[in-house]
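Asker: Sequence:
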Amino acid sequence: MTTVLPPVAKILYFDESSELWEIGDVYDLSIASLPKCCYIFLPKENYREGQGGIFRQFNAPALLASKMGIEINGFFGSRLSHNEDERLKSYSTWYRCLVKMIYPYKLPDGKDYKWYEMTFVSRWEALGSRQQILCIDTPEELPSTLLTILENTAVNFDDPFAMHIPLLQEIVRLNDKSVWAIRDPIREVEKRRPTAGPDFEAMHEISRHSIHVSEVLAVSIQTFGKILEQLQKIHAKLPVALSLDAHEQAHEDVDFQIQMLKSLKERSISNYSRLTSEITVAYNRIAQQDNRVMKSIGLLTMTFLPATFISAIFSTTFFEFGEEKLQASKQIWIYWVVTIPSTLLIVVIWRSLLNKNPPVTWRTLWSHLRLFEWEQVKKRVATERQDTEKSVV
Numbered sequence: 001m002t003t004v005l006p007p008v009a010k011i012l013y014f015d016e017s018s019e020l021w022e023i024g025d026v027y028d029l030s031i032a033s034l035p036k037c038c039y040i041f042l043p044k045e046n047y048r049e050g051q052g053g054i055f056r057q058f059n060a061p062a063l064l065a066s067k068m069g070i071e072i073n074g075f076f077g078s079r080l081s082h083n084e085d086e087r088l089k090s091y092s093t094w095y096r097c098l099v100k101m102i103y104p105y106k107l108p109d110g111k112d113y114k115w116y117e118m119t120f121v122s123r124w125e126a127l128g129s130r131q132q133i134l135c136i137d138t139p140e141e142l143p144s145t146l147l148t149i150l151e152n153t154a155v156n157f158d159d160p161f162a163m164h165i166p167l168l169q170e171i172v173r174l175n176d177k178s179v180w181a182i183r184d185p186i187r188e189v190e191k192r193r194p195t196a197g198p199d200f201e202a203m204h205e206i207s208r209h210s211i212h213v214s215e216v217l218a219v220s221i222q223t224f225g226k227i228l229e230q231l232q233k234i235h236a237k238l239p240v241a242l243s244l245d246a247h248e249q250a251h252e253d254v255d256f257q258i259q260m261l262k263s264l265k266e267r268s269i270s271n272y273s274r275l276t277s278e279i280t281v282a283y284n285r286i287a288q289q290d291n292r293v294m295k296s297i298g299l300l301t302m303t304f305l306p307a308t309f310i311s312a313i314f315s316t317t318f319f320e321f322g323e324e325k326l327q328a329s330k331q332i333w334i335y336w337v338v339t340i341p342s343t344l345l346i347v348v349i350w351r352s353l354l355n356k357n358p359p360v361t362w363r364t365l366w367s368h369l370r371l372f373e374w375e376q377v378k379k380r381v382a383t384e385r386q387d388t389e390k391s392v393v
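Under UniProt numbering, think of the first position of the sequence shown as 1, with each following residue one higher.
For the record, the hints were derived by calculation from the structure and aren't laboratory data. Please note that a few of the clues may not be correct.
To be verified - Below 20 Å or equal to it, Euclidean Cα-Cα: the simulated PhoX-like pairs (lysine-lysine) are:
hint, residue 1, residue 2
1, LYS89, LYS265
2, LYS10, LYS44
3, LYS114, LYS177
4, LYS44, LYS67
5, LYS262, LYS226
6, LYS44, LYS114
7, LYS177, LYS106
8, LYS89, LYS44
9, LYS226, LYS237
10, LYS265, LYS177
11, LYS36, LYS10
12, LYS89, LYS233
13, LYS226, LYS265
14, LYS262, LYS177
15, LYS89, LYS36
16, LYS111, LYS177
Kindly generate the complete structure, drawing on both the sequences and the hints.
Answerer: Here's what the structure looks like:
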């Protein structure tokens, strides 16, 4: 019984006989077996670290299959090959763009988000205008959305970047979904603020997503900028020069996508600022609630303090409750002589420490006490000196 192997990847290819784009399956990733002009969509599950052989077919470095190449958040590179006449023979590119998609529901792995760590490796050959692009770890719907774009777009296969421009457009669209997927829960937090308490765990989770989205947008802008830079250089080296309209349109298309990414980055920064503002407001509301609680405790303390103070005085040995009347001791003045100065001293020390920048610690209390003693010693010495001078006179 023959075992039917599952397809390795999806493929979107241009059928020269019908001049239409078609979607199919591919079982062999060797370039010789692939259609002349195609996109190959390789799932992350079918791509593992160390598979440098795939990239060598595209004349790309094996470093892309290393741990660093798999985990880095973005890059762009290219390699040119010339014939004996020093004319451009082939051109290879490799670049990486990450997108973090946020979902309003839990995925099978228990998370509400998913990273698409998209790597694109291409090879273009001047002879026959052969162009193939390997797309790793892209969303499942990307082949169908690209098909819709390509059915309404005339692709000039003499341009090494002609098949890249629809890809860049889809990368921008995915980033747009990512940014707005964060904006929606932030808006819910803002609307919920007057009626519900803050959910700090959820807000900090959204904040983490927002930071990641802003990061990958910044890197994608740099990557797109390098693509635009290389587009201008390669167009000047093509063996068959493009028309002025084709060159300028390709330049404008990539530049437009860069402007879109920059706008999305500003929106992402705004999302983070709005969420930070909500977190600050939530903390301030909690601080106000704590302040009201402390005021209530202070009011209760002041309510019971006079009665406590009076009962404490009358419970001392200075008073005696006889059968006929209350008798007070003649030494009660000692209590006031000790209590009043000590209370005033504590208030003075507290006020002096309150106006200082350093925090109140045992060391600062000790330094203030030593300073107070030193001031008293200086006054006593000055007084004794004056008395001595008067006695001499």
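Asker: Each hint should be assessed against the structure and marked as holding or not.
Answerer: Going through the hints against the structure:
| no. | hint | verdict |
| --- | --- | --- |
| 1 | LYS89 / LYS265 | violated, 38 Å |
| 2 | LYS10 / LYS44 | holds, 12 Å |
| 3 | LYS114 / LYS177 | holds, 13 Å |
| 4 | LYS44 / LYS67 | holds, 14 Å |
| 5 | LYS262 / LYS226 | holds, 15 Å |
| 6 | LYS44 / LYS114 | holds, 12 Å |
| 7 | LYS177 / LYS106 | holds, 17 Å |
| 8 | LYS89 / LYS44 | violated, 31 Å |
| 9 | LYS226 / LYS237 | holds, 17 Å |
| 10 | LYS265 / LYS177 | holds, 12 Å |
| 11 | LYS36 / LYS10 | holds, 15 Å |
| 12 | LYS89 / LYS233 | holds, 15 Å |
| 13 | LYS226 / LYS265 | holds, 18 Å |
| 14 | LYS262 / LYS177 | holds, 15 Å |
| 15 | LYS89 / LYS36 | holds, 16 Å |
| 16 | LYS111 / LYS177 | holds, 18 Å |
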